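Trainee: Model the full structure from these sequences, guided by the hints.
Number of protein chains: 2
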Amino acid sequence: MTSRLDQATIDLLGVLAYGELTAFERLATDARLAPTISDKHALASMAAAEFGHYQRLYDHLRSESVDPEEAMRPFVEPLDAFHDSTPPNDWLESLIKAYLGDGLAADFYREVATFVQDPVTRGLVLEVLADTGQASFAVATVTAAIAADPALAGRLALWGRRLVGEALIQAQRVAVERDALTELLVGGSLDLAGIGRLLTRLTDNHTARMQALGLQA
Amino acid sequence: MTSRLDQATIDLLGVLAYGELTAFERLATDARLAPTISDKHALASMAAAEFGHYQRLYDHLRSESVDPEEAMRPFVEPLDAFHDSTPPNDWLESLIKAYLGDGLAADFYREVATFVQDPVTRGLVLEVLADTGQASFAVATVTAAIAADPALAGRLALWGRRLVGEALIQAQRVAVERDALTELLVGGSLDLAGIGRLLTRLTDNHTARMQALGLQA
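Heads up: the protein sequence lines correspond to chains A and B, in order.
Anchor point for the first sequence: position 10 equals 9 in numbering that gives the first Met the number 0, and the numbering is continuous, going up by one each time.
Anchor point for the second sequence: position 153 equals 152 in numbering that gives the first Met the number 0, and the numbering is continuous, going up by one each time.
Calculated from the structure, these hints are not laboratory results.
Don't take each hint at face value.
Here chain A is said to cover these stretches of chain B; the calculated rule only asks that three of the stretch's residues, wherever they fall, bring their Cβ under 8 Å from a Cβ of chain A [said to hold, decoys possible]:
#	region
1	10 to 24
2	34 to 40
3	45 to 59
4	69 to 77
Please read all numbers here as calculations on a predicted model, not as lab measurements.
Where a beta carbon is used, it is the ideal one built from N, C-alpha and C, also for glycine.
Mentor: What follows is the structure, given as structure tokens:
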């Protein structure tokens with residue numbers, strides 16, 4: 000198939016789509032850890048929202064004559080590796096993973112989206128990155144748990160730092176292997192100083208999310 | 000809250016809703032066993048369809064002034080016990096469980112639905128029991144796998160029989176504990192001979208599904 004989309008844009012849609020598909024799978028799996036029906040309902044609703052995003056990206060790829068599976072394939076290994084290396088041990092770790100992971104991914108893709116040439120694709124990317132409701136629910140639940148048992152904060156802060164570390168390892172791997180995607184970012188007028196500022200923005204946002212949870216970044 | 004729905008109807012909606020929610024969870028979890036992206040896509044799509052059904056039942060309960068969590072609560076233990084006692088060991092077992100489980104549940108609820116007084120509820124029950132696409136996908140995948148490796152048929156047939164056995168154990172438990180639901184079925188003009196015919200219909204349909212998979216019931 001030939002598509003009017005360039006390889007970098009296809010890569011971006013592919014990694015986003017597989018990211019949403021795995022987020023769906025893991026959130027739905029983690030719903031089993033939920034202590035109450037109402038918590039299970041909340042997590043399952045988030046998972047279903049991620050699937051809705053996945054479906055839109057999938058349909059968009061097809062409508063642009065791109066085989067969605069081909070587009071996702073290069074990102075199966077790094078994304079599976081990320082999830083396999085970070086299985087939540089309990090309900091709170093699962094919520095924190097959903098909140099921090101979604102937040103970091105959204106920040107990153109939002110930055111990349113500004114370099115996407117095709118306006119329809121850019122609009123779709125920004126749209127599927129909108130919050131699926133994790134944020135307020137995760138923050139409320141985690142802060143309440145820490146208030147009830149302050150000793151939790153240490154373990155959960157370590158968990159948050161570990162998640163970012165594992166995410167960076169896999170992101171670096173993608174950057175090395177997917178030239179087009181990396182060039183979209185770097186070639187999109189981002190020089191070394193620009194990349195430095197990008198990393199600072201991402202780190203600042205991550206720190207803000209950790210603080211919202213009541214955790215030290 | 001007081002609702003115009005009677006307890007038996009609330010029970011039916013509750014067990015259906017929690018059934019869909021756990022089906023969603025388990026299917027999405029099993030999507031991790033899928034050997035290809037395309038299989039994963041298929042299973043995740045079915046899971047998302049189950050969630051859509053769950054959402055409709057949940058919304059219907061709320062619109063009828065019933066707390067959905069209260070309605071689901073009595074069925075958490077038996078349904079969780081069913082799933083905990085039947086974790087699929089591989090992708091094929093997971094597909095068979097989805098297909099047989101969904102089929103048996105649909106047959107049963109379809110029978111019960113005829114006794115539901117409220118027409119809106121009856122319509123909704125029949126609608127959410129419609130096939131979510133498992134059937135043809137599961138049949139095609141399982142029969143292809145057995146054609147490629149006929150030795151599989153024995154193990155998978157045992158698996159199918161075990162699923163029904165475990166389902167019956169939990170159904171019996173629900174029948175004993177939920178008088179209203181049982182009376183809906185029995186009181187709905189079903190005498191002993193009628194129950195015998197009901198069980199025969201359910202068993203016949205199950206046998207037909209096993210045969211469609213190429214398995215001995």
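Trainee: Taking a Cβ-to-Cβ distance below 8 Å as contact, does the region 45 to 59 of chain B have at least three residues touching chain A?
Mentor: holds (count 7)
Trainee: Count the residues of the region 10 to 24 of chain B whose Cβ falls closer than 8 Å to any Cβ of chain A, and tell me whether that reaches three.
Mentor: Coverage by chain A holds for the region 10 to 24 of chain B (4 residues, Cβ < 8 Å).
Trainee: How does the coverage statement for the region 34 to 40 of chain B fare against chain A, requiring three or more residues with Cβ below 8 Å from a Cβ of that chain?
Mentor: holds (count 5)
Trainee: Three residues minimum, CB to CB under 8 Å: does the region 69 to 77 of chain B make the cut for coverage by chain A? Let me know.
Mentor: holds (count 3)
When the structure is compared with the earlier hints, no violation turns up for any of them.
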